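First to last, the protein sequences are chains A and V.
1 is the number of the first residue of the first sequence in the numbering used here; add one for each residue after it.
1 is the number of the first residue of the second sequence in the numbering used here; add one for each residue after it.
Think of the hints as simulated: they come from the structure by calculation, not from any bench.
Keep in mind that this is a model prediction, so the values were computed, not measured.
Don't be surprised by glycine CBs; every beta carbon is placed ideally from N, CA and C.
A hint or two may mislead.
[Unchecked claim] Where chain V lies over chain A, by a calculated footprint (3+ residues, C-beta under 8 Å): (1) 45 to 59; (2) 214 to 221.
[To be verified] Calculated pairs, EDC-like style, for lysine to aspartate or glutamate (alpha carbon to alpha carbon, straight line, at most 20 Å): (3) A:K153 <-> V:D4; (4) A:K245 <-> A:E69; (5) A:K197 <-> A:D144; (6) A:K153 <-> V:D5; (7) A:K197 <-> V:E44; (8) A:K121 <-> A:D144; (9) A:K278 <-> V:D5; (10) A:K153 <-> A:E69; (11) A:K197 <-> A:E69.
The primary structure of each chain is shown beneath.
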Amino acid sequence: MTALEFTVVVWALSALAGFLGALTGLGGGVVVVPALTLALGVDMKYAIGASLVSVIATSSGAAAAYVREGFSNIRIGMFLEIATTLGAVAGAILVGRIGTHALAIIFGLVLVQAAYQALFKAAPESGLPVASDALATRLRLNGDYPAGGGRQKYGARNVRTGFSIMFTAGVLSGLLGIGSGALKVIAMDRAMHIPFKVSTTTSNFMIGVTAAASAGLYLVHGYIDPRVAMPVMLGVLAGALVGAKVLVHARARTLRFVFGAVILILAVEMIVNGILGKV
Amino acid sequence: MAMDDRRLETIIGRLLQVGVLLAAAVVTIGGAAYLVQHHADRVEYRHFVPGGPDLCTFPGIVRSAAHFESLGIIQFGLLILIATPVARVGLAIAGFALERDRLYTVVSLIVLLILLASLLHAT
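Here chain A stands alone, though its shape is the one from the complex (with noise of 0.2 Å):
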């Protein structure tokens, strides 16, 4: 393949990866390692390298775009990416210390969560917003959202569960590459019961923050190789901004279970070639 060809078809898989992680809400590093690992045959270590770069792109790029919806609870984000900081810069020392075969194991287990989320489960209802418990009261992590013409409160509960959970995404982010958005929602709406479309936006806000947390360590092991995090970071920015836009037209439905069953047959893809030590 020429530098050409190359540039071209990466920053083609990105833009759709980029486009359809927006309209499903997985984001886009999720499909633009196993695309390069699995079709372009790019080493994990590039693959994992140039989404990450993609992953800060695509949480800064929409970050204005969720502060004027006014759910983004800064303070609980901020005090939530002490434990994904922490645990990205663990992921990305551990990159190099697991072999590629067991990173792509680990990647295609993700992957099969990713996917069952995306085929069996709708935009989950939120629960009544709860009363913050003692911890949370202390760290003030209370805000409120518009509803209805005023504010709706809410409040938080089980800190300790929640900040150990965005650890675990933090090392996931760290190790993979990806934006593990999925778990910090997890470890926001379930675990701390706090509502879900502040879970969401605040979310991506920290997606990036804990990105960068590993960037330097990706840097000066040369997993970020500029001919390749070019294409992925231009097409996938791309993508999503297209996909932002066009967000509210979308049947997200069928979308969801087309995006949920590709995701799936990666998964396998991922983890049998991980089997095989062909990865």
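The hints should help you fit chain V onto chain A, whose structure is shown.
Using the frame of chain A, we list chain V on its own:
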């Protein structure tokens, strides 16, 4: 106008967007230069080979970009991108300090220190 969380987030959101667009522009320029010079090169990335020191450290990247080397320019654009979330945390520290919120000034400082400790490896 007094600083509050909403205003702080709006400023930060805007900053991130500008940073990403700037990074994308620099990466595009570097990418175009790379393709003009190397479009016919055979490439394959099947086996991981750690890159030269030029493209793995901040000083190396800045030097390479200053010499208008295409790959250096791309990496420099990516550095701008990596800097956007770091700047976000820096701004949050300033914002919380203006709000006289000591707890969250410290929380943000801890996050910044973790980020800088990781990025220091690349200097």
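The hints, checked one at a time:
A count of 6 residues in the region 45 to 59 of chain A with a Cβ less than 8 Å from any Cβ of chain V is obtained; the coverage claim is therefore met, three being the minimum. Check result for the region 214 to 221 of chain A against chain V: holds, 7 residues qualifying (beta carbon to beta carbon below 8 Å, three or more required). With a C-alpha separation of about 17 Å, the suggested pair K153 (chain A) and D4 (chain V) falls inside the 20 Å cut-off, and the hint holds. A C-alpha spacing of about 15 Å is found between K245 (chain A) and E69 (chain A), which places the hinted pair at or below 20 Å, so the restraint holds.
Restraint check for K197 (chain A) and D144 (chain A): satisfied, since their Cα atoms lie roughly 11 Å apart, inside the 20 Å limit. The suggested pairing of K153 (chain A) with D5 (chain V) holds, with an alpha-carbon distance near 15 Å, which does not exceed 20 Å. Between K197 (chain A) and E44 (chain V), the direct Cα distance comes to roughly 42 Å. Violation of the 20 Å bound is thereby established for this hinted pair. Using a Cα cut-off of 20 Å, the hinted pair K121 (chain A) and D144 (chain A) is violated, with the two alpha carbons roughly 26 Å apart.
Proposed proximity of K278 (chain A) and D5 (chain V) is contradicted: the alpha carbons are some 50 Å apart, above 20 Å. With a CA separation close to 16 Å, the supplied pair K153 (chain A) and E69 (chain A) stays within the 20 Å bound. Of the pairs offered as hints, the one joining K197 (chain A) and E69 (chain A) holds, with about 10 Å between alpha carbons and a cut-off of 20 Å not exceeded.
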